[in-house]
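Protein chains: 2
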Amino acid sequence: MNIDGKLTAQTLRDKLAIEVAEFKSRYKIQPSLTVIIVGDDPASHIYVKNKVKQTQEIGMISNEIKLPIETTENHLLSLLEQLNNDDSVHGILVQLPLPKHIDESAIISAINPDKDVDGFHAMNSGRLFNGEPGALVPCTPQGCVLLAKQHLGKDLSGLHAVVIGRSNIVGKPVAMLLLQENCTVTITHSKTKNLPELCKQADILVAAVGIAKLVKADWVKEGATVIDVGINRITTNEGATKLVGDVDYVEAFEKCGAITPVPGGVGPMTIACLLKNTLAAAKNSLQSR
Amino acid sequence: MNIDGKLTAQTLRDKLAIEVAEFKSRYKIQPSLTVIIVGDDPASHIYVKNKVKQTQEIGMISNEIKLPIETTENHLLSLLEQLNNDDSVHGILVQLPLPKHIDESAIISAINPDKDVDGFHAMNSGRLFNGEPGALVPCTPQGCVLLAKQHLGKDLSGLHAVVIGRSNIVGKPVAMLLLQENCTVTITHSKTKNLPELCKQADILVAAVGIAKLVKADWVKEGATVIDVGINRITTNEGATKLVGDVDYVEAFEKCGAITPVPGGVGPMTIACLLKNTLAAAKNSLQSR
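As you go down the protein sequences, you meet chains A and B in turn.
When the letters of the first sequence are read in order and numbered with the UniProt record's numbering, they come out as residues 1 to 289.
When the letters of the second sequence are read in order and numbered with the UniProt record's numbering, they come out as residues 1 to 289.
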């Protein structure tokens with residue numbers, strides 16, 4: 001079966017909208033997200049526009065700060081310091097990629113970890129790693145686990161999850177989340193020798209490697225749950241471009257128990273989980289008052 | 001074959017002694033480690049005594065702060081603040097376990113991450129997780145990787161490592177280190193369903209679960225490298241007590257390519273890696289001068 005990411009994301013947003021209303025009524029505080037975008041990359045602007053729209057739709061405040069491409073690293077750092085110290089700002093997101101003259105890791109490290117709704121700060125990676133409370137967890141990995149549970153139910157204990165890819169943004173954090181769910185977890189990557197064989201052991205297969213249709217039907221165990229994080233643009237024989245995942249969806253569909261489509265699978269979950277993190281950051285801010 | 005942890009640790013300490021001498025001669029700074037021990041647990045005192053001795057032997061300064069069991073959490077926190085701000089202190093280690101009235105995680109979080117030579121602070125877990133420079137990595141996992149390399153050579157790329165156990169102190173960090181070495185990594189634990197089968201796939205098998213002789217010969221692939229982190233006290237048929245690992249050494253020895261003994265395997269590497277971290281912390285301190 002197909003796991004509908006759009007529907008799952010909508011359900012999550014509806015749930016969050018209720019929680020936001022409750023939070024506002026109880027604490028007289030409206031959760032707020034500030035998104036900073038530097039330069040004029042069209043894809044980034046479309047993505048930020050969606051974030052702003054969905055943030056407002058569930059009743060949170062959205063602040064968008066658009067900066068010219070020539071913005072200096074120092075300017076961005078002092079802006080972040082100001083936002084870090086502003087109690088009315090609960091979540092801060094710096095849209096990536098940044099222009100080349102700005103050191104991304106310096107910028108990420110400068111965000112207050114308690115407001116880092118992307119979950120990329122080392123403090124948040126470490127809290128996730130150690131299983132400490134208060135971690136803001138990267139959005140796409142959260143979405144992957146929610147989609148797996150959408151099909152498998154709440155208890156993933158004892159299932160063997162195989163993750164293809166070891167990025168800081170998806171592969172490694174999704175592996176940690178699945179470990180917390182008591183899965184046995186195998187992390188594979190470009191140096192892995194017997195990838196098809198290993199994938200075939202997976203009860204949950206997460207593909208996050210960025211290679212179009214890498215995963216074939218014979219890599220998939222009968223009945224497995226397949227979460228496809230890849231978004232690859234390919235040119236069809238007719239010369240049109242289309243988006244495909246890291247999994248050959250048509251082939252794998254027959255074999256697996258459930259699979260997320262591309263587009264319409266993991267993608268829609270990412271912004272929904274960003275909203276979830278923003279509400280969590282607003283809740284955490286109560287403790288430091 | 002047997003992987004000799006005592007010898008490997010001695011070789012590492014000899015190398016560190018030379019590096020410490022070079023560092024002192026170049027920067028006129030003697031690396032220093034401050035160990036805090038609260039209460040009078042005999043095992044902890046023996047362990048700290050060994051740390052002090054080995055620290056001094058390689059030419060570093062060792063400060064030992066012994067506090068009574070009734071020491072308050074607040075007292076310990078203010079002591080840590082003082083040590084954090086003391087430029088002559090490069091490494092800080094609080095010997096665990098602490099008395100029950102002190103919150104260990106609050107204490108670990110209060111250590112300056114750049115002086116946290118145990119590598120337990122969330123910032124260090126996060127730096128390790130993200131592959132950021134400057135991470136102080138927990139000592140026992142570092143020792144495991146060095147022992148594996150002692151047998152396998154520098155390049156572990158493409159080998160399949162299976163880790164039994166998912167603690168913050170050993171299982172998870174050793175998995176991250178092996179991933180950085182380009183191993184395919186499987187993390188298993190108490191909820192894992194087909195543990196013997198999974199272990200049998202391992203080129204490198206790390207057992208860090210604390211169950212005496214759990215791993216039997218038929219769990220081990222022919223020629224595998226076995227790293228045994230367990231230290232379990234058992235009573236023999238004759239009524240004597242002895243230390244054994246998580247692996248049935250005698251059984252596994254015939255099957256594997258190489259194995260670390262217990263005692264004399266991973267154990268001696270832990271303090272040697274603590275000294276390595278202390279020198280690294282002293283080197284890092286140069287950047288903040």
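Calculated from the structure, these hints are not laboratory results.
One or more of the hints may lead you astray.
Copies of the same chain look alike in the list, so a pair counts if it works inside one copy or between any two.
Each computed BS3-like pair below joins lysine-lysine, with the alpha-carbon atoms no more than 25 Å apart [unchecked claim]:
hint: 1; residue 1: K154; residue 2: K193
hint: 2; residue 1: K221; residue 2: K100
hint: 3; residue 1: K154; residue 2: K191
hint: 4; residue 1: K213; residue 2: K149
hint: 5; residue 1: K15; residue 2: K255
hint: 6; residue 1: K193; residue 2: K149
hint: 7; residue 1: K28; residue 2: K213
hint: 8; residue 1: K191; residue 2: K221
hint: 9; residue 1: K149; residue 2: K191
hint: 10; residue 1: K154; residue 2: K216
hint: 11; residue 1: K15; residue 2: K242
hint: 12; residue 1: K15; residue 2: K216
hint: 13; residue 1: K193; residue 2: K221
hint: 14; residue 1: K15; residue 2: K149
hint: 15; residue 1: K149; residue 2: K49
hint: 16; residue 1: K221; residue 2: K200
hint: 17; residue 1: K255; residue 2: K6
hint: 18; residue 1: K6; residue 2: K200
hint: 19; residue 1: K53; residue 2: K15
hint: 20; residue 1: K242; residue 2: K66
We went through each hint and held it up to the structure:
1. K154 / K193: Between copies only: 18 Å across, 32 Å inside.
2. K221 / K100: Neither. Shortest intra-copy (42 Å) and inter-copy (48 Å) distances fail the 25 Å Cα cut-off.
3. K154 / K191: between (33 Å within a copy, 15 Å between copies)
4. K213 / K149: within (24 Å within a copy, 36 Å between copies)
5. K15 / K255: neither (33 Å within a copy, 55 Å between copies)
6. K193 / K149: The answer is between: 19 Å across copies meets 25 Å, while 29 Å in one copy does not.
7. K28 / K213: neither (49 Å within a copy, 58 Å between copies)
8. K191 / K221: So K191 and K221 pass the 25 Å test inside a copy (22 Å) and across (20 Å) alike.
9. K149 / K191: Intra 29 Å, inter 18 Å, cutoff 25 Å: inter-copy only.
10. K154 / K216: neither (28 Å within a copy, 34 Å between copies)
11. K15 / K242: neither (32 Å within a copy, 57 Å between copies)
12. K15 / K216: Answer is neither: 36 Å inside a copy and 49 Å across each miss the 25 Å cutoff.
13. K193 / K221: The answer is both: 18 Å in one copy and 16 Å across copies each meet 25 Å.
14. K15 / K149: within (16 Å within a copy, 51 Å between copies)
15. K149 / K49: Cα proximity of K149 and K49: none, with 29 Å in one copy and 50 Å across.
16. K221 / K200: Answer is both: 5 Å inside a copy and 20 Å across each meet the 25 Å cutoff.
17. K255 / K6: For K255 and K6, only the intra-copy Cα distance (23 Å) is at most 25 Å; the inter-copy one is 52 Å.
18. K6 / K200: neither (28 Å within a copy, 41 Å between copies)
19. K53 / K15: Within. Shortest intra-copy distance 17 Å satisfies the 25 Å Cα cut-off; inter-copy 59 Å does not.
20. K242 / K66: For K242 and K66, the Cα distance exceeds 25 Å both inside one copy (30 Å) and across copies (67 Å).
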